[in-house]
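**Student:** Single-letter residue listing:
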Amino acid sequence: MNNMNSSISIQNLDLAFGSVEVINDLNLEVHDGEFLVLLGSSGCGKSTLLNCIAGLLDINDGQIHIKGKNVTWEEPKDRGIGMVFQSYALYPQMTVKGNLSFGLKNAKFSKKEIESRIAHAANVLQIEPLLKRKPAHLSGGQRQRVAIGRALVRDVDVFLFDEPLSNLDAKLRADLRVEIKRLHKRLQNTMVYVTHDQVEAMTLASRIAIMRAGAIVQLDEPHNIYNKPLNRFVAEFIGSPSMNFIEGNLTDGETPHFAFDNLQVPLQAYPFDGKGRMSGPATLGIRPEHIVTGAALTEVPWSTTVEVDVIEPMGSDTLIWSKISDQDFRFRVDGQSTLRAGDSVEIGFDPAKICVFDAESDLRL
Amino acid sequence: MNTKTARLSSQQPSGPKPKPLFSRHNVFLYGTLFIVAMYYALPLYVMIVTSLKGMPEIRVGNIFSPPMEITFQPWVTAWSEACTGLNCDGLSRGFWNSVKITIPSVILSIAISSINGYALANWRFKGANLFFTILIFGAFIPYQVIIYPLVIILREINLYGSLAGLVLVHTIFGMPILTLLFRNYFSSLPEELFKAARIDGAGFWGIFFKVMLPMSMPIFVVAMILQITGIWNDFLFGIIYTKPETYPMTVQLNNIVNSVQGVKEYNVNMAATILTGLVPLTIYFISGKLFVRGIAAGAVKG
Ligand SMILES: Nc1ncnc2c1ncn2[C@@H]1O[C@H](COP(=O)(O)OP(=O)(O)O)[C@@H](O)[C@H]1O
Ligand SMILES: [Mg+2]
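Each protein sequence line maps, in turn, to chains D and A. Here the first sequence stands for residues 1 to 365, numbered as in this note's numbering. Here the second sequence stands for residues 1 to 302, numbered as in this note's numbering.
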C-alpha cells in the first residue's frame with residue numbers, strides 16, 4: 001500500500017469542525033522530494049489539510065503516513081515535519097536565536113548540536129547578523145526567513161508551508177519565492193506548500209493540487225494544469241487574465257466543429273480525449289495569450305472580426321476587451337499596439353490550444 | 001513679506017485648521033470634566049484636611065478650611081492606638097490580616113484562573129464548553145445564596161474563622177471572572193503561535209510558561225489590580241468568615257468608625273479610612289495605564 005517513494009500518503013481523510021464537513025474522503029500521495037502546491041481559493045480547506053498532515057487537528061477518519069510510518073495518532077513533534085506559517089508565528093519574547101533553538105531544546109539536543117544546527121541554518125538563510133534581535137525588530141521578509149529557519153534546524157523530511165509569502169509586499173514575495181525554490185533545490189526534501197496565488201503555484205510546484213470545497217479537483221504538473229485543465233473550474237482558476245469562454249454547440253461528422261453565432265470553428269487539430277461525447281452543447285475556452293492578430297493570422301485556420309471595447313495597457317503587453325456573442329472576450333496584443341477603442345480588429349486562434357468543455361458537466365472533452 | 005505670511009494673510013484656508021481654545025465644544029467638554037472631577041476630589045480633600053486637625057478645631061465646624069495647626073496624632077492613633085472591642089492596637093492588626101489574606105488569595109486565584117483560561121482557549125479538551133458554561137454561570141450566582149452553605153462547608157473542613165478559610169473563599173469567588181478574562185486574552189493571541197510551539201515539541205506547561213506567559217504581562221497586571229483591590233476592599237466575606245482576631249482591615253475600620261463608646265473622633269476616623277484605602281489607591285496610581293491597556297487588549301477578541 002505504501003510505495004517506497006511516497007513521502008506523504010493520505011488515505012480517506014475526513015475532517016469536520018463540529019457538524020461542518022471541511023474535508024471529505026480525501027486521498028493524496030506526495031512523492032519523495034517533491035514540491036507539491038495546494039492551490040485553491042480562500043476557505044476551500046487548504047490550511048485544514050495542512051494542519052491535518054502536521055497533526056494540529058484531530059481527524060475524523062482516515063490515515064496519514066509520513067515516510068512510510070503511520071503517524072495518524074502521533075503528536076506534531078514526532079511526525080518529522082517543520083511548518084512555516086503565514087503570520088510567521090515567531091515567539092515575540094525570544095531572540096531569533098531563541099526562536100531557532102526552542103524546538104531543539106525541547107527535544108533535548110546537546111548545546112553543541114544546537115549551536116551547529118543554528119549556525120548551519122543561519123548560513124543557508126543568511127540571517128547570521130540577526131540572531132540576537134527580537135522578531136519585532138525584523139522586517140517581514142527577515143521574519144519569514146527566521147520562520148523557515150525554525151523548520152530548517154529541525155532537520156526534517158517534510159516541510160509544510162501555509163501561505164508563507166502572503167503577508168509580504170509584491171517585490172519581497174518574488175524574491176523570497178525564488179529563495180524557497182533554491183532551498184528546495186539544495187535540500188531536496190518534500191515540501192507541501194499552500195497558496196491561493198497561482199503565480200507562486202506555477203513557478204514553484206513540481207505538481208499542483210487544485211482544491212475546491214475540501215476536495216482535490218486536479219493534481220498534475222503545472223504545464224498540464226495550464227494547458228489541459230480537467231474542467232471549467234480549473235481552467236478559469238488558472239491564468240491571469242482568465243480564460244475566455246464561448247457557449248455553443250459541438251457538431252460531429254466528418255470534421256468536428258464548434259458552432260456559435262453562425263460561426264464555425266474547425267476542431268481537427270483539437271486533442272479530444274475521446275471519452276466524452278462529441279456533439280451537443282459545449283463551451284469553448286481560449287486563453288487571452290493564445291489569440292493572435294496581424295501577420296500571425298495566416299498560421300491559424302480560423303479567424304473573425306471583433307470591435308475593441310476597452311484597452312488596458314500593461315507595459316510589456318496590452319489587454320484588449322471586446323465582445324464575442326455578447327460575452328466579454330479578452331486578448332493580449334503587443335505592448336506597442338496602436339489599437340484604440342472602437343477599432344475593428346481581426347483575431348484568430350489555433351484550435352490545438354483551446355479547451356472544449358461539456359456544457360452540462362463542465363468536464364473537458 | 002515672505003510667501004508664508006502672504007499665504008496666511010489671504011483668506012484662503014491653508015495649513016492646519018485653526019482650533020479656537022474657547023469654542024463652545026471645549027467649554028462644555030472641559031467644564032463637565034472639571035465639575036465631575038471636583039465632585040470626586042472634594043470629599044478626599046475634606047478627609048485629608050480633617051485628619052490633620054485636632055478635635056477642637058473640628059468642632060468649630062468649618063470642614064473646608066485647611067488645618068490651622070497640623071497634627072499627625074490622629075494618624076498615629078488610627079494606626080496603632082484606636083480600640084475595637086477589647087483590642088486597642090489600632091488598624092495595624094487589620095492591615096496585617098488583610099495582607100495575609102490578599103497576597104495568597106491573589107496569587108492562588110490568578111494562578112488557577114490563568115491555567116484554566118489557557119486550557120479553555122488553546123486546548124479544546126472534551127467537555128471544555130460545558131466546563132466553561134458552568135464557570136460563567138457561577139459568575140452570576142448571587143453571593144447571598146452561597147454564604148450560608150459556605151459557612152457550613154468551612155466549618156466541616158475546620159477552616160471556619162481562619163485566614164486560610166477566607167483565602168479559599170476569595171480564590172473560588174475570583175475564578176469565574178478571572179477565567180473569562182484570561183480565556184479571552186489567550187484566544188486573542190495568534191493561534192499559529194500555539195501551533196508553532198506544538199510543532200516545536202513544547203507540551204502543555206512548556207507552551208504556557210515559555211510562550212504564553214511572556215506575552216501576557218498586561219492581562220496579569222489587570223488581573224492583579226482587580227483581585228488586590230477587590231479582596232482588599234471586601235467587607236462581606238471578611239465579616240462572615242473570620243473572627244475578631246482575624247478581621248481584615250475593612251471590618252476593623254468599620255468597627256472603629258461605628259464604635260458607639262465615647263466621643264466620635266472624626267480626625268481619627270478620617271485617618272483610618274484613608275489608611276485603609278491607601279493600598280488600592282496606590283495600586284491604581286502605579287498601574288492605571290497598564291490597566292487600561294490590558295483591558296483593551298483582552299476585549300479585542302472573544
Ligand atoms: N477552527 C475552525 N472551526 C470551524 N470552522 C473552521 C475552523 N477552521 C477553519 N474552518 C472552516 O473550514 C473551512 C476551510 O478553512 P481553511 O482550511 O482555513 O481554508 P483555506 O486555508 O483554504 O483558506 C472554512 O470554511 C472555514 O470557515
Ligand atoms: Mg488558509
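Hint data in this document are derived by calculation from the structure and do not stem from the laboratory. Accuracy of the hints is not assured; some may be wrong.
[To be verified] Here are the simulated EDC-like cross-link-like pairs (lysine to aspartate or glutamate), alpha carbons at most 20 angstroms apart as the crow flies: (1) D:K134 <-> A:E245; (2) D:K69 <-> D:D58; (3) A:K100 <-> A:E245; (4) D:K77 <-> A:E156; (5) D:K77 <-> A:E192; (6) A:K126 <-> D:E289; (7) A:K243 <-> D:E289; (8) A:K126 <-> D:D58; (9) D:K323 <-> D:D273; (10) A:K126 <-> D:D61.
**Student:** Determine which of the earlier numbered hints do not hold for this structure and return their numbers in increasing order.
**Tutor:** 1, 4, 6, 7, 9
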